[in-house]
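Chemist: Here is how the chains run, residue by residue.
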Amino acid sequence: MAKVEFSNVKKFENFLYLCGKCGDCSLAVKIATSKSPLSHPCAVKNVLGYEAYDARGRLIILKNLLSDKLEVNEEVLDWAYTCTTCGACRETCLAVEGGIDTPSIMEALRRDLVSQGFRFEKHLSILENIKNLDNPYGEPKEERLSFLGEELSNIPEKADIVYFIGCTSSYRTKEIALAAIKFLKQFKKEFAVLRDETCCGSILLRYGYVNEAKEQAERLVKKLNEMNVKTVIFTCPGCYRTFKKDYPEILGRDLGFETLHLVEFLDTYLKDKNIVFEAKNDEIVTYHDPCHLGRHLDVYEAPRNIIKRIKDIKLIEMETIKNFAHCCGAGGGVKSTFPDLALKVARNRIDEALEVNASILLSACPFCKLNLKQAADNGLKVLDIAEFLVETQVHEVVEVAPKTVEVVEISPGKRLMDYLNGHVEIFKGLRVGCKFNYEIVDWKTQEPKLKFYVMVLESGERPKIKISMGAADNPDVTIIISEPAAEKLVKCEERSEYAEAFGNFFNEPTEEEFIDVILHRSTKELMRMGYGEFAREAGLI
Amino acid sequence: MNEDVMRPVVEELESIVGSENVSSSKIIRLSYSEDASPFHARIPGLIVRPTETLEVSQILRLANEYLVPVVPAGGRSGICGACLPRVPNAIVLDLTRMDNIVEIDEDSQTVTVQAGLRWAELIYKLSKLGYKVGFRGPFGGNAGTVGGSLSSNSVGCGSAKWGSSGDSVVSLEVVLPTGEILRTGSGWNPLAKKFARYATFNDLTGLFIGDHGILGVKTEATLKIYPLPEGKVFGDFGFNSIEAASKAMYEIQKKKLAEELVLMADRHTVSSYAPQLAEKYPEVESVLAVIIEEASEEIAEAKKKLLEKIVREHGGFFIGTFFSRLHWSEMFNVVQPLFEEGYWYNTCHLRPITMFPELIRKAHEIFKKHGVDKNPEITWVASGLGIDRCHCTGWITLFLKNPEKKHILEKVWSDLRKVIIETGGVPYWTGLLWEEYVLPRVHYGFFDLLKKIKRTLDPNNILHPLVFGL
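Top to bottom, those sequences are chains A and B.
Residues 259 to 799 (this note's numbering) make up the first sequence, in order.
Residues 131 to 600 (this note's numbering) make up the second sequence, in order.
There's no promise every hint is true.
To be verified - Okay, derived cross-link-like pairs now, EDC-like style, lysine to aspartate or glutamate, Cα gap no bigger than 16 Å in a straight line:
{"hint": "1", "chain 1": "A", "residue 1": "K480", "chain 2": "A", "residue 2": "D418"}
{"hint": "2", "chain 1": "A", "residue 1": "K269", "chain 2": "A", "residue 2": "E329"}
{"hint": "3", "chain 1": "B", "residue 1": "K410", "chain 2": "A", "residue 2": "D326"}
{"hint": "4", "chain 1": "B", "residue 1": "K258", "chain 2": "A", "residue 2": "E577"}
{"hint": "5", "chain 1": "A", "residue 1": "K702", "chain 2": "B", "residue 2": "E360"}
{"hint": "6", "chain 1": "B", "residue 1": "K531", "chain 2": "A", "residue 2": "E271"}
{"hint": "7", "chain 1": "A", "residue 1": "K602", "chain 2": "B", "residue 2": "E150"}
{"hint": "8", "chain 1": "B", "residue 1": "K434", "chain 2": "A", "residue 2": "E329"}
{"hint": "9", "chain 1": "B", "residue 1": "K156", "chain 2": "A", "residue 2": "E329"}
{"hint": "10", "chain 1": "B", "residue 1": "K362", "chain 2": "A", "residue 2": "D774"}
{"hint": "11", "chain 1": "B", "residue 1": "K156", "chain 2": "A", "residue 2": "D326"}
{"hint": "12", "chain 1": "B", "residue 1": "K362", "chain 2": "A", "residue 2": "E766"}
Because the hints were derived from the structure by calculation, they are not lab data.
Please read all numbers here as calculations on a predicted model, not as lab measurements.
With these hints in hand, go ahead and build the complete structure from the sequences.
Modeler: Written out as structure tokens, the structure is:
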């Protein structure tokens, strides 16, 4: 075989060297040892078994390719496309800040292979379909919106908001698109659907066909800019990731419009409203984080917030969730290249859902839904969140009038929240973008009574912060404070006093008054983010 | 590899473990040619993934028939190259599919696990039932397996109280190189539970612990378990000299106070791990991080008082609980963030605590000699861990930021290893990291007996040839 120039892979050469080959990327279980919902992160290796399929093995093989100890052949080509690029290995990896980005390195390899003529026949036909029919499925382009029937005439051609349906929901999971449209209309948002929507090019990027994907990007972004679109809403995380992450990179510019997933739109819209959803039956549901929505774009809480709004539904989490959730197996071009492999990976995820006795597995991705549904041959229902909302709460969404003001005792957690809002100097030294969770817990049961999180918007002596209820997407740290400790913290008059008390509750905890800290990043990374200043003042370090 | 010769072997292996668990693919074989050490293997000929003891036995019988070398491997997170084949075309037995808990025996307070189970997974599964193991696994215990640790004399989490990996073992199931299956300890009696290690005969368990996989393939291990603790205490203490810190460490270990005891040995290490702390305490040269775990809060508190008294008597002072708590709550995650400093080169060994300051002095002399103290492209971390009673690990780990400076690093690394042996240190694991330094010094009688045992158990020298020079 001809010699291959690995110019794209070589950009990552340093990372091949920095991998300490610890094996965490496929073998780790961190549930008990570091309170992380992580277990055997590499979903592909969990099926194929051999080391070659996890990040450590992949980096070893790449080193052999770069040093010409291994030449490219069909086996290498197959191997290059077995990675779903889900990113679980990266989340697990502590070797460098943010983890070694093996998915990007594998995509770089694919670009090198494609550019030098190593191509799959299957991929070429998908390429042709996108070129000629604007979708990878080989479906007639004129039928793209036919599933909307007469409804289409009720949807404007132009508006500030565009719902980008995507190829999969146009041809394969129309129910998700119909559900999305129902909610967008229900919440009285004027939105448009592109009459000549085309493939976003996600699959081309995942295969390594960057130039072809760039053509798609240019055409779509030009059109949306010409329409003066302000916001594009997606139900397909694949399209969403491609717009939000890949387009600015391959086009070299800002898109000029905001991008949102439907769950983010709904979560934001519902936040200040008394809208309740009512389910048909009491059900146990669990939620599968799509890789492109979760790990790739850090959207974890919005779908959960929506599910928690549904009355009589119990959300039980699987063993691996959020940034450590197992991939469904469909991403990164694996479903189209190796469908059997994708299905086996999905079966493992289905098993995780069954282990928590869920009767419904929810997701927020048409691609995940298709693959998981195909694997769920055991009665487990697999639905998209939007679809679930439509299907199970048949009652109209009810606008409840604001409740009359009740006199309620303010909890210690709420008092701490208010206190922190008024004492922003506590967060001096933190970099913009830092975000961390607070869990105020009952000292006896250790059960959380209130969860909120802080985001640093501007740094400085008196930083600008935002405090929100719930948990942050991908937080840096979680601070657990017992209610009696919180009661005492709010009495501190200034930062130094607060820091001292904080340190005492951490270093000399009592049964009732204690503080614990769970780190979600390495200490080195946290120091770089500015957490060291408070930690030092508090006597933590 | 000659495919005609190997074809019948492959076919028979496939009939034993299934075709999906035998691979001769070049990329798959290459992916097993490295572990977490800086060393490289001879590329394996086949990778085989058994799930049961009987399969391992059949594989070894087959290997003897065709005279194919076999190398057992676990999570391959070891840093001495213990599981890297030394001869070409070996069969690598990837034992990570053998990861079940076989039995929890509450009467005997033991757990029997398959050898390929990872420590972190074992800890998780036991914690759900309210139990812990004493020795928790090496610092690479996310991927490190029980079998791998026992084969290489691992030390690590929990070693201050519970000793090295082998000290937790009650019984082993081992497949001998010729395929026979052996159960050690009270396991000699098929009617008895596996509850006692030292029983009836001599300690055959010990023969296989630390054998680096040359005398048998460990397939099951029975380990002691304990109820989860009710009382926990954490403490970090600063000292103005390594001598003072070592003396305190010695006293704490003598009185068996700590579950875990970590020493950051020099100021350079304290600054690397905790720059903020080094800045806050300019006088601190060494830090001891101590974890106490006991059956009740009262016992833990009583031990804490004794600990604090010892620290005070040696001029140490309390500087917080962050490092000890982090060390425990981030078990098995403390080493990986250091990879950012560059590839790591280790000198892991054991020595009496009282001889630790000498190591640090000599190491600093070596750093000065080779200009490492002024070369930012090579850095180090010097630390120790209390083991069993009054010995400890000597961990001087070098990090190479710039591969072009590898020639300097190699000299430092080599000098350190020489000095470690010359000052009475003994590596716990050997592998490619240590053999060159250890084998020339082994007492003849010791080595001769080892050779005889190896020949007796493995007449065809099938199992991991060339390890220990055999």
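Chemist: None of the hints should be skipped; say for each whether it holds.
Modeler: Evaluated hints:
1. K480(A) x D418(A): With a Cα-Cα distance of about 15 Å, the restraint between K480(A) and D418(A) holds, given a limit of 16 Å.
2. K269(A) x E329(A): This hinted pair is violated, its Cα atoms lying about 19 Å apart.
3. K410(B) x D326(A): violated, 50 Å
4. K258(B) x E577(A): holds, 13 Å
5. K702(A) x E360(B): Given pair K702(A), E360(B) holds - Cα atoms ~15 Å apart, limit 16 Å.
6. K531(B) x E271(A): holds, 14 Å
7. K602(A) x E150(B): holds, 14 Å
8. K434(B) x E329(A): violated, 60 Å
9. K156(B) x E329(A): holds, 10 Å
10. K362(B) x D774(A): Distance ~13 Å between K362(B) and D774(A) Cα, so the pair holds.
11. K156(B) x D326(A): holds, 14 Å
12. K362(B) x E766(A): holds, 12 Å
Of the hints listed earlier, those the structure fails to meet are numbers 2, 3 and 8, in rising order.
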